[in-house]
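Enquirer: As you go down the protein sequences, you meet chains A, B, C and D in turn.
In terms of this note's numbering, the first sequence is residues 1444 to 1651.
In terms of this note's numbering, the second sequence is residues 1444 to 1651.
In terms of this note's numbering, the third sequence is residues 1444 to 1651.
In terms of this note's numbering, the fourth sequence is residues 1444 to 1651.
Keep in mind that the hints are not guaranteed to be accurate.
Remember, identical chains collapse to one label, so a pair may be satisfied in a single copy or spanning two.
[To be verified] Below, simulated SDA-like cross-link-like pairs (lysine to any residue); rule was C-alpha separation at most 25 Å, straight line: (1) Lys1606 <-> Asn1455; (2) Lys1584 <-> Ile1642; (3) Lys1606 <-> Thr1587; (4) Lys1593 <-> Leu1456.
Derived from the structure by calculation, the hints contain no laboratory data.
4 protein chains.
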Amino acid sequence: MHTLYNRIQGRNLERLAALSDGIFAVAMTLLVLDLHIPSAANVHSEQELMYALGALGPQWIAYLMSFLTLGIFWAGQQTQLNHIGEGTRDLMWIHLGFLFAITLMPLSTRLLAEFITYRAALGIYWLNIFLPGAMLYWSWKYATRAGLIKADTPQEVRASICKRVFIAQSLYAGGAALCVINTWVSIAAIVLVQLNYAIAPRLWRHSK
Amino acid sequence: MHTLYNRIQGRNLERLAALSDGIFAVAMTLLVLDLHIPSAANVHSEQELMYALGALGPQWIAYLMSFLTLGIFWAGQQTQLNHIGEGTRDLMWIHLGFLFAITLMPLSTRLLAEFITYRAALGIYWLNIFLPGAMLYWSWKYATRAGLIKADTPQEVRASICKRVFIAQSLYAGGAALCVINTWVSIAAIVLVQLNYAIAPRLWRHSK
Amino acid sequence: MHTLYNRIQGRNLERLAALSDGIFAVAMTLLVLDLHIPSAANVHSEQELMYALGALGPQWIAYLMSFLTLGIFWAGQQTQLNHIGEGTRDLMWIHLGFLFAITLMPLSTRLLAEFITYRAALGIYWLNIFLPGAMLYWSWKYATRAGLIKADTPQEVRASICKRVFIAQSLYAGGAALCVINTWVSIAAIVLVQLNYAIAPRLWRHSK
Amino acid sequence: MHTLYNRIQGRNLERLAALSDGIFAVAMTLLVLDLHIPSAANVHSEQELMYALGALGPQWIAYLMSFLTLGIFWAGQQTQLNHIGEGTRDLMWIHLGFLFAITLMPLSTRLLAEFITYRAALGIYWLNIFLPGAMLYWSWKYATRAGLIKADTPQEVRASICKRVFIAQSLYAGGAALCVINTWVSIAAIVLVQLNYAIAPRLWRHSK
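Whole structure, please, built from the sequences with the hints as guidance.
Expert: Shown next, in the form of structure tokens:
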């Protein structure tokens, strides 16, 4: 019954990009709302202020890690959309699912900052990295199958997008699995994987 | 007295789309701000954390339902705007009314999460689904009457947009009416209708 | 010393429009964050919930009024930018001043909702309507003097934009002045002026 | 290993601009969320309300200063992006670093408002001005070296962008250093530098 309507919906990839940019922008900025600052009532000298700020360390690590995560997913989604020529209703809902996972990131971050030594908190945080990755994987598979990818996209690019999601997610899963030792080891591993995606390739290329 | 000014206002459909995307992005991300996480002071083991998270179930259901609602309305408004060639001041104010209802969604969601067994909370939530639907219906009727619809829009599309709003709203109203039995039955019915609009048509089409 | 740099800055009206849409979207949605819902601890029946929601009346009036204000200013700024062909650094800073006043709107609204019978709160709220109006007036005067207005803008449009700001602001000032009687009278007058700008012209035109 | 993927990522400068506008819009509007209004419980007359609002002075100064800072950086980034013809993955991550610093601004502002007489708070605030400046400097240096700058950009413009960041940051650093005397002197100096960048050039040009 909805066939016709469904065919006319979701065509506008620009509005999907605009909604995505908006959600990423809000999520990135909201992360910081959960960073608590010391209260003036408990601080009586410059030293106490420095000390109180230092004690917020775990919060900051969780915050930095989440900003990196959001940056990586924003870049990944953008790369896909740049190579997709046309939208469909299905593609739109896959990306809404992706964005749903993104909106949960400030919450997972808050949970991890509050319970940074708990494996359950780390597991939920990892799920929040896994879920958008899975949606992006699905999105590219779907777009390939449905013939939505721009004709001028080279074959290597087509292949590399899914491979990249797969490798990155394997590394994240490996990092998360390290929580059998300790959540701190696990967090360090995840941050290293993220920095690899954000920074290292730049160094490698410079040495090219 | 304002005739000239009114004729020159509201032409820019792109800025209306940008404002809409911004409001939807903020509303979708703000929903999550109202999800409370357990406090570290009350949790002393991994199991207690899992249990405390599980106890937040009603919050999560309300959150998921609201994200679906926002996604459905975002897609619906986008479909309309894609087929409207030119804006007017009246159209702009109809859509501002639509967006007004959208900004209330995080509040209705919070109310429903807090009072999930109260019919009054469910009734207000339903009103918050009905109101944007009514504005979209009005928007399309107005655009048709004022001749703003793009010439290349097929007759079936023109008809299907209003029919779809009408059928969807009837289903939501039916779902909301089930609260005479129990608010949980009602919520389940609304979520099913939403999933039907978001996911089911994909399955149907795949089996085509 | 900054002459060259200043000449190359602020050209991009599209990014100014995008920033404005973002700020309006956030401000419109944040308004609702300040609406308090009753606490489950104080409500024990459906009737108590209805009653508790009804008691929030003043909040709702302030919220609705602020949404209308933001909508009117968003439409007004958009109309100006549609007729301006090119940006300059000065124009950009005038509009940043305008946006500064817009970001204060959620705060003035909260203040008015909390102190709805206080003239000081109403005076500050009125200032928050006056300030963006003054910036828009300045923006158009500046754009006219600097020759930034698109050549195809008819003379009547050029004149009508400033006149409209002037008349609207006089009506708002008159409404605010009614607070010598009572803040409620004043609020009613301001809302009537706003509805006149948002809705009434539609009725007038329909009867044309 | 990631070479191919890295070459195809980050091309879309429009989406970078959209994300930036979103983050600036949210950050500018969130600043105001931290401004506390007096509580109705503690205010019993018009005079007490005026007095209570006046006592919030330090908050307002920090808020105004942060809005100016954000406006200056938004304008600065926009000027750069207008002259960059093509994006790369590296450029994207430099700008994500810039945006990271921007999202911290509401937090530094809150910290400064709470501890306005503490040098540590001022030092952190200054760092939050220095960091985005350094990223913009890096961004332009990188774009120059990588040949991403539009061919039609005059040589003087190319030189003036880095010089401007350098001079502005020296003035901010000088202002921040004045906190050896007193944080208020330091804040006054920073605000003066900001107003110089926002307003003074306009006056100078008018007198041209």
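Enquirer: Compare the structure with each hint and give your call.
Expert: Now for the hints, and whether the structure bears them out:
Taking the shortest Cα distances, Lys1606 and Asn1455 sit within 25 Å of each other only across copies (22 Å), while inside one copy they are farther apart (27 Å). In the homo-oligomer, the alpha carbons of Lys1584 and Ile1642 lie at most 25 Å apart only across protomers (17 Å), although the nearest pairing inside one protomer, at 27 Å, exceeds that limit. Within a single copy, Lys1606 and Thr1587 get their C-alpha atoms as close as 14 Å, which meets the 25 Å cut-off; across copies the closest is 33 Å, which misses it. Taking the shortest Cα distances, Lys1593 and Leu1456 sit within 25 Å of each other both inside one copy (13 Å) and across copies (19 Å).
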